[in-house]
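Residue numbers (the working numbering), protein chains in the order written: chain A, -7 to 516; chain B, -14 to 312; chain C, 94 to 403.
Worth double-checking, as some hints may not be accurate.
Going by beta-carbon spacing under 7 angstroms, a handful of chain C positions derived as facing chain A [to be verified]: (1) Ala151; (2) Leu155; (3) Ala158; (4) Asp178; (5) Gln179; (6) Ser225; (7) Val226; (8) Ile227; (9) Phe364; (10) Phe366.
Each pair of labels, with its calculated beta carbon distance range [to be verified]: (11) Ser57(A) <-> Tyr46(B): 50 to 58 angstroms; (12) Ser119(C) <-> Lys206(B): 50 to 58 angstroms; (13) Ser168(B) <-> Ser55(A): 41 to 49 angstroms; (14) Leu323(C) <-> Gly236(B): 43 to 51 angstroms; (15) Gln73(B) <-> Asp465(A): 29 to 37 angstroms; (16) Ala262(C) <-> Asn20(A): 55 to 63 angstroms; (17) Met274(A) <-> Tyr46(B): 36 to 44 angstroms; (18) Val226(C) <-> Leu87(B): 31 to 39 angstroms; (19) Gly278(A) <-> Ala127(C): 51 to 59 angstroms; (20) Met458(A) <-> Gln156(B): 31 to 39 angstroms.
Result set (DSBU-like, lysine-lysine): computed pairs, CA atoms no more than 35 angstroms apart in a straight line [unchecked claim]: (21) Lys340(A) <-> Lys250(A); (22) Lys169(C) <-> Lys225(B); (23) Lys206(B) <-> Lys516(A); (24) Lys171(B) <-> Lys501(A); (25) Lys250(A) <-> Lys206(B); (26) Lys279(A) <-> Lys340(A); (27) Lys206(B) <-> Lys169(C); (28) Lys206(B) <-> Lys293(C); (29) Lys339(A) <-> Lys169(C); (30) Lys225(B) <-> Lys400(A).
Everything labelled a hint here was simulated from the structure, so no lab data went into it.
For glycine and all other residues, C-beta sits at the position ideal for the given N, C-alpha and C.
Here's the letter readout for the chains.
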Amino acid sequence: MRYVIATALAVAMAAAPAHAKVLRYSTNADLLGLDPAINNEGPTNAMKTNLYEGLIYRNFDLSLSPGLATEWSQVSPEVWRFKLRQGVKFHDGTPLTAADVVFSLGRYKADQSDMKSYVATVKEVKIVDPSTIDFVTSGPDPILPQQLPLFYIMSKVWSEKNNTTQVVRGTSAPTFINFNANGTGPFKLVERVADNRTVVEPNKDWWGKPDHNLTRAEFRPIANAATRVAALLSGEIDLMYPVPAQDVQRINSTPGAKVLTGAELRTIFFGFDQERSELLDMKGTGKNPFKDKRVREAFYKAIDIQSIQRVVMRGSSRPTGSMVAPGIAGFSEEVDKRPAYNPDEAKKLLADAGYPNGFPVTLDCPNDRYDNDEAICQAVVPMLTRIGVQIKLNAQTRSKHFDKIGLKENYNTSFYMLGWTPGTFDAHNMLVNIVTLKEKDSGIFNSGRYTNPKVEQLTKQAETEMDLKKRNDLMVEAQKIHKDDYGHIPLHQQTLAWGVRDTVDGSVKPRPSNDVDLRQIKMK
Amino acid sequence: MFAYIVRRALQSILVMAAVAFVAFALFQYMGDPINQMVAQDASAAEREALRRTLGLDRPFYVQFLVFLKNLMTGNFGFSFRIGTPVAQIIAERLPATLELVLVAALFALFIGVPAGVYTGLHRHGAMSRFMLTVSLIGVSLPTFLIGILLILIFAVLLGWLPSFGRGQTVQLGFWSTGFLTASGLKALILPSITLGLFQTTLIMRLVRSEMLEVLRSDYIKFARARGLTNRAINFGHALKNTLVPVITIAGLQIGGLIAFAIITETVFQWPGMGFLFITAIQFVDVPVMSSYLVLVALFFVLINLVVDLLYFAVDPRLRVERSVSAH
Amino acid sequence: MAIWRNFTDLVRRFLASDVYYSFKRSPTVVVAFALTMLFMVSAAFAPWIVPHNTYEVATLNLMDAFLPPAWVQGGKLTYLLGTDDQGRDVFSTIILGARVSLLVGFASVALALTMGVALGLIAGYVGGVTDSVIMRVADVKLSFPAILIVLLIDGVARGILPRDVHDKAAVYVIVLAIGLSTWIQYARTVRGLTLVEKNKEYVQAARVIGLHPMLIMFRHVLPNVMGPVLVIGTLGLGIAVLTESTLSFLGVGVPPTEPSLGTLIRIGNNFLFSGEWWMAIFPGLFLVILVLSVNLLGDWLRDALNPKLR
């Protein structure tokens, strides 16, 4: 009898390994779903990166390294050739083949796909031999590899077996693939309960050598910021982000918890309506002051970004004059320098432009999208009031905000806040989306419809320029012109702040794209 | 009797149809779900294509008829956000909310009734005055602040109780319960106190005023005159007679608990219906929002119906002219 | 003169009444009454008595943000209760915020009361189909918890009103929403009481001499059902103020540039862990005292007006 108990105990102890390294981590919203081809959103893509792999992997420093492809090169201006890694198996044991790459591309190109932009220039994929694949692009595409880390490869056999070959948004059929995953990645999905938890465990058959030492990771979203901070302080979770700026000190002063910071790639900025002949708040006057560069300059110079950085952001931001963050291809130190804060000059500029007594305008802001978004806008209100502008604030939840300033309401805004991270880590993505006019797939979020033919021409040129140095110069040139036009008012890049417990190893650092790549997480 | 029930049931169905229409119609104005579902840089054509696929380009009344037909067949549609059938999501979330509401209701009853009896019996006592005042503080603070303060004290400073989630749950068929594990029970404490505080005060005050009324009534005076013990009078007669209105009001309050769970669940990241609803509002997840409203309305209508029938059964006077008066 | 005599007469009668007697006897109620009055007066004259008018955004300075209360180290005497994240004086925002909260509270109670009493009277007095229709509408309403109704009405208003109109109208929309979601209590109570009253002799008599039903309802029945209505109204005031604050927690309250008490608490909530407790605690304390006083008054009124409890 005693023996039986002893054995049972021994078995139980063996079942719970003495060195279980479980990471419990949290952010403010749940993953949107695990289908590789839809739900193009930061934290969701981060989880997909743990489960699935692309041909190319993006390192911590944003450089590229081999993923499911061992090497790649541009064999002709319109053809990129990839060597497929051999002997790789999906989580369910089926081997990776070139057919899986073709199949995955098909899903990415499907009508309902969210990820089309990453493979937009790929016309077709040719299987040269079982280990060689050619990507044929519709024109010369010098930066194709930059777009591919988020091109996840999934198993054709598995998809067919589970009836998920079509990309469906889950509005007419159950979406097996949003709750199940079968990739080649270093982690396997154990459990996913929407809004509650997503649990993964290491994939023992992964081809690479893991850097992490996890035995399990549990992702548990917590929407309310105060509750999320509380959960970290009480040790219920090991890692969480974002940390509200005001709570950094509190976490750092709690034994066993601390805040790690890093630079983020998103740039927060204000935009002006430069198209309507009449500002929304100036009906009947026939005037749109923002068409005058001096007015835009006045607004720019009236904003005391240093105070915002110090007080509202509590130091957790990096004031910028650039529309893209350092680390993004095409970032320029020179563009990054902000014209100095000068309210007196701002007042004079307004007077010169014919508005000595200012004019009425509404600032549209989200209140749950970016760090302290509403507080930033509130802080700007007195600054602009002091130069005479009759400014009102309209802060609302993100879905309503984006409706209002977006296509849905036909850019129903005069002055608005927006944040942008170039999905390709390349300034060209910003130029196309933010500062060129809308045509077909471009300019969707140029809500103020800033336009300058020179900027647009430079953007077009950069698209097909094969010489990366020249391409970079073109992008910087376009940004300089845009800056001199005061086309937008860049404010800052948020500082990433991760709250961690001392259970997390000191080697862990926040990634610039602000997501948790479990490959790089070590526990003590 | 039978005719009365049939009439009430028919009225209830009408009410439900109206609610369904209101629920659906209102959300025509709630913002565009498409924006939430596509990438920030999706093109206008892609947006239109998705709108067509979802049937959001059809006329208003067609969308409503489709919605109604689906409701009838138990098909609540698919969540735009999560991508699974709404019925399935609700089945997943319902246990969390119902367990929270149940514990909160029990908390309210087991604290509220004794406190009400005590304050009713000792009307001018210092202790009852103190209890009455303290209970008012509980309803004078917004729920979200109470929740955060409880978290601050019991989770962060003392470290006794978890700050979020349901803890370990056990799956019993389709029902996931937090009652069977220590962590599940611990996780219930703070949210249910936060949620139940308002109702505790309400029940306490209701029992108190009912007790005061009953104690003045003739039959209690007779009982006293007959020399019955205080104990027998207070608990055998007085309390028993206060309980009918208390139970009916408590029944109606369950609906209020379900509604206020929205705030409690947001604060405690409780994976229930209320949290589902508020997330659905943020994502403009129309099917989830409409289904939630219809479901909550159904709860209310059913509770109302039961309460009506209870009145009918308990109070013979009402069989002539039904008269409902709020407390 | 006659009016004055009438008034003094009324005062004399009130001073001699049981209600006044019971008021005088309870110090708690006297204090609650005094506090309520203080709040109302200060709210009414808020723009003239606050040390800093925080609506004048041009005077705000970020450099003054996050100052602690005057008695804490680092505090400034000009900012008695400290400043918030925008550099606004907390004391002034509280007084101005109470003004918004009380405005919302009073207006929504007035709306609900008027609507509920009128409909309740008609339903109870007229009966029949009218009664059924009104009570069924009430049931539909009752099928939605108040907070949901408010969320819905506000959502619709944001959808159909032009933006600049909605900004100005935000307070009224919330008043309308809270009013529309709470009238039912009054209606049900008044209906129940009217059912009882209408069989009493005085109503029968009035009917016999041929008075118009409207006249009977509003001249004769109404005064006799107003007691409980006043009690519900007083308690409703507290609930309306709280509902408004909950709405602002859910992000659909009044605009943050002219915050209510609830909005102040919501904002302060974010700074509880970081040690800037004064931003949430002072408005919270103020709200508790306000609602508490109003509720104590309501309680006392309920007991004082209930002849059975004397």
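Hints versus structure:
Given the 7 angstroms rule on beta carbons, the hint for Ala151(C) holds: about 4 angstroms separates it from the nearest Cβ of chain A. Proximity of Leu155(C) to chain A holds as hinted, the smallest CB-CB distance being about 4 angstroms (cut-off 7 angstroms). Because the closest C-beta pair between Ala158(C) and chain A is about 5 angstroms apart, less than 7 angstroms, the hint holds. For Asp178(C), the suggested interface contact is upheld, since its CB lies about 6 angstroms from the closest CB of chain A, less than 7 angstroms.
With its C-beta approaching chain A no nearer than about 5 angstroms, Gln179(C) sits inside the 7 angstroms limit, and its interface hint holds. Using the Cβ-Cβ criterion of 7 angstroms, the hint placing Ser225(C) at the interface with chain A is not satisfied: the shortest such distance is roughly 39 angstroms. At about 36 angstroms, the closest approach between the beta carbon of Val226(C) and any beta carbon in chain A exceeds 7 angstroms, and the interface hint on this residue is violated. Taking 7 angstroms as the C-beta contact cut-off toward chain A, the hint placing Ile227(C) at the interface is violated, the least distance being around 35 angstroms.
Among the interface hints, the one on Phe364(C) holds; its C-beta lies about 5 angstroms from the nearest C-beta in chain A, closer than the 7 angstroms criterion. A distance limit of 7 angstroms between C-beta atoms decides the matter here; for Phe366(C) the minimum to chain A is near 5 angstroms, and the interface restraint holds. As the Cβ distance of Ser57(A) to Tyr46(B) is approximately 56 angstroms, the hint placing it in 50 to 58 angstroms holds. Roughly 26 angstroms separates the CB atoms of Ser119(C) and Lys206(B), a value that falls outside the hinted 50 to 58 angstroms.
Distance hint check: the CB atoms of Ser168(B) and Ser55(A) are about 43 angstroms apart, consistent with the given range 41 to 49 angstroms. A beta carbon spacing of about 27 angstroms between Leu323(C) and Gly236(B) contradicts the range 43 to 51 angstroms that was offered as a hint. Checking the proposed 29 to 37 angstroms range against Gln73(B) and Asp465(A) shows it is violated: the Cβ atoms sit about 55 angstroms from each other. Distance hint for Ala262(C) and Asn20(A): a CB-CB separation of about 31 angstroms, inconsistent with the stated range 55 to 63 angstroms.
Between Met274(A) and Tyr46(B) the C-beta distance comes to about 39 angstroms, which sits within the given range of 36 to 44 angstroms. A C-beta distance of roughly 36 angstroms is found between Val226(C) and Leu87(B), which places it inside the suggested range of 31 to 39 angstroms. Look at Gly278(A) against Ala127(C): about 57 angstroms separates their beta carbons, and that is inside 51 to 59 angstroms. Met458(A) and Gln156(B) have their C-beta atoms about 58 angstroms apart, which leaves the hinted 31 to 39 angstroms range violated.
Taking the CA atoms of Lys340(A) and Lys250(A), the gap is about 47 angstroms. The hint is violated against a cut of 35 angstroms. Proximity of Lys169(C) to Lys225(B) is assessed by CA-CA distance (about 59 angstroms); at most 35 angstroms being required, the pair is judged violated. The suggested pairing of Lys206(B) with Lys516(A) is violated, with an alpha-carbon distance near 73 angstroms, which exceeds 35 angstroms. With a CA separation close to 33 angstroms, the supplied pair Lys171(B) and Lys501(A) stays within the 35 angstroms bound.
Straight-line distance between C-alpha atoms of Lys250(A) and Lys206(B) comes to about 68 angstroms, which puts the hinted pair past the 35 angstroms bound. Using a Cα cut-off of 35 angstroms, the hinted pair Lys279(A) and Lys340(A) holds, with the two alpha carbons roughly 19 angstroms apart. Note on Lys206(B) and Lys169(C): the hinted pairing is violated, with a Cα-Cα distance of about 64 angstroms set against a maximum of 35 angstroms. For the hint pairing Lys206(B) with Lys293(C), the CA-to-CA distance comes to about 27 angstroms; that is within 35 angstroms, so the pair holds.
Only pairs whose Cα atoms come within 35 angstroms are accepted, and Lys339(A) paired with Lys169(C) is accepted, the gap being roughly 31 angstroms. Restraint check for Lys225(B) and Lys400(A): not satisfied, since their Cα atoms lie roughly 61 angstroms apart, outside the 35 angstroms limit.
Checked against the numbered hints listed earlier, the structure breaks hints 6, 7, 8, 12, 14, 15, 16, 20, 21, 22, 23, 25, 27 and 30; every other hint is satisfied.
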